[in-house]
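Protein chains in written order, with our numbering: chain A, 1 to 100; chain B, 1 to 214.
One should not assume that every hint holds.
Some chain B residues flagged as far from chain A (calculated, every beta-carbon gap over 10 Å) [to be verified]: (1) P11; (2) L66; (3) A109; (4) L111; (5) G125; (6) I131; (7) T139; (8) L144; (9) L162; (10) L165; (11) T180.
Just the calculated beta-carbon pair ranges, DEER-fashion [stated by the list, open to error]: (12) A:T86 with B:L21: 27 to 37 Å; (13) B:V9 with A:S48: 34 to 44 Å; (14) A:T12 with B:V133: 45 to 55 Å; (15) B:Q140 with A:F52: 34 to 44 Å.
Just so you know, these hints were derived from the structure itself, not from any lab. Cβ coordinates follow ideal geometry from the N, Cα and C atoms, glycine included.
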Amino acid sequence: MTMEHPVVPVKTYILVYLALLFLLVLTLAIAYIEMAGLNTILAIFVASLKAFLVILYFMHVRYSTILTRVFIISGFLWMAILVGFTLTDYFTRGGLFINP
Amino acid sequence: MSDSHPTPVNPEKQARFEFELNILGMWLFLVTEIMLFGGLFAAYIVYRYLYPEGFIDASHHLDVVLGTVNTVILLTSSLTVALAVNSVQRGKQKGLVIFLMATIILGSAFLGIKGLEYLHKIEEGLFPGGIFVYPAPFTQQARLFFSLYFTMTGLHAIHMVLGILAMVVLLIMAARKKFTSHRYDLIELTALYWHFVDIVWIFIFPLMYLIDRT
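Chain B with its partners taken away, still in its complex shape (with noise of 0.2 Å):
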């Protein structure tokens, strides 16, 4: 079965190839994010339609101040990672830094502002976890929403917290150069990751915080 002529290899070829393959690799892993997003956002659709009056009575308790500066973080966090892969193709390693410092920053500058959110809902009672405090007609609705509303908004927070930590593994490597305008993979992937939970807060926003505001 040995084969008495192996095929040359074009090593530029091939590390193409190898990165194509990444690509195709991270987005498979993706889509299996969609789907565990997807379930979520099916639930929230589908109690939105029943219970329409306690979803917009309980989403105008949330801060569309927070919120919004918040979208602009994160949008703005998506542009410095692609700016950071744009700075490693063309071999700029302090650029490549730079922006990854800066996505960090951004990344957790939108969790700190999460946190305070949070820590202003516990304080009110509308964590459904203990004592929930929700005046009538609506306590029970309310207390779906909010259900619904920690856990899609906990779980991208999450997504988050292991974004930013690749971001600070990957920082440390390209302190010490480890990235070439050939061989960036690593960044690239990590950056269709972080833009994917760009993705996931774009569709939360108006959901959970813009019902119905007129």
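Chain A on its own, in the form it takes in the complex (with noise of 0.2 Å):
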């Protein structure tokens, strides 16, 4: 199970780089375009890619063995769990909350 740790290329960390500059001029590009109401959702969707490029290949993960994975995908997934039932609660009874 645990796999070679091998050095990773220059070349690829430098690609990581390219993409992920080019996704931040996504992310400005979204900001500025009006796209539908779908802005902040597009937003965050861009800047989960961007995690995950720097989780998969600047922190090795790609490399890493498959108890560490669990580990990470548990942290996202408490998370989300987090957020998740709290929004349920905001959404459903929302009347509670009028805006003076």
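Hints given; two lone chains; assemble the complex.
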């Protein structure tokens, strides 16, 4: 199960870096161009894509053990539960919070 | 209970095992960090959902140019720290020192710009601690936005300071040639921490600076 930790070529790092810069430009474009109310969702999606690239290549999770991946996935899963369950409450009981 | 035939230890295998174990331990710590920032992001999402107009209005007081520059700086520092790991893996001591120094400089530049932004905001009366000056009708909602802004970016900045201090220690150790291509666990673990702090900023930037700029 323990894989050999290979030396990631410099070229891979540079390519990931360029991809991150491209996604940053995309993030800015999304903010300034009207996207039928989907701007925030798209911004979060692009940010997640950037985080995914950083985790996979810069943080070497592509080459990590399965147990390490289980830890990482559960971390994000617990956070999704935290945000998800909180939001279901606000979405369904919004009537309690009427803006003055 | 004593074993009369102790298993011979293969030092290389042992080192690799310890390395993977250290990585796992570091990720366990980072998962607790995900929950720390996760709580703040959850608070942000709830209040932005409740007060969308106020959040858009307040967000437009942030400087997109400085925020973008800082994002580029942080992404670049992630690259340099990855290259520091790459250098030590190849046994290049000089490269390790250079890339650690580059990371420290970039991290400090980020904090410098962040400090400048804070100073402007405080001068404009946008720091919710003391006298908060903001035009009606969004005064209270903007106060909430800036509370979240200072808390989240502040906590992020504290993480940057700790990361830079760790890098300085690594730099001193690297200059004394304490790392080899077989033993560089501390470099890898600090790099993991640094990348994590980068990821937090990747989410803070669009959520704070780029709300509805159309």
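Status of the hints after comparison with the structure:
1. P11: holds, 16 Å
2. L66: Label holds. Min Cβ-Cβ 13 Å, cutoff 10 Å.
3. A109: At roughly 17 Å from the nearest Cβ of chain A, A109 (chain B) sits farther out than 10 Å, so the non-interface label holds.
4. L111: holds, 20 Å
5. G125: Correct as stated: the minimum Cβ-Cβ distance to chain A is 23 Å, above 10 Å.
6. I131: holds, 23 Å
7. T139: T139 (chain B) is indeed farther than 10 Å from all Cβ atoms of chain A, at 12 Å.
8. L144: holds, 13 Å
9. L162: holds, 18 Å
10. L165: holds, 21 Å
11. T180: holds, 14 Å
12. A:T86 with B:L21: 27 to 37 Å: For L21 (chain B) against T86 (chain A), whose Cβ atoms are near 34 Å apart, the range 27 to 37 Å holds.
13. B:V9 with A:S48: 34 to 44 Å: holds, 42 Å
14. A:T12 with B:V133: 45 to 55 Å: Holds - the Cβ-Cβ distance for T12 (chain A) and V133 (chain B), about 49 Å, lies within 45 to 55 Å.
15. B:Q140 with A:F52: 34 to 44 Å: At roughly 37 Å between Cβ atoms, F52 (chain A) and Q140 (chain B) fall inside 34 to 44 Å, so the hint holds.
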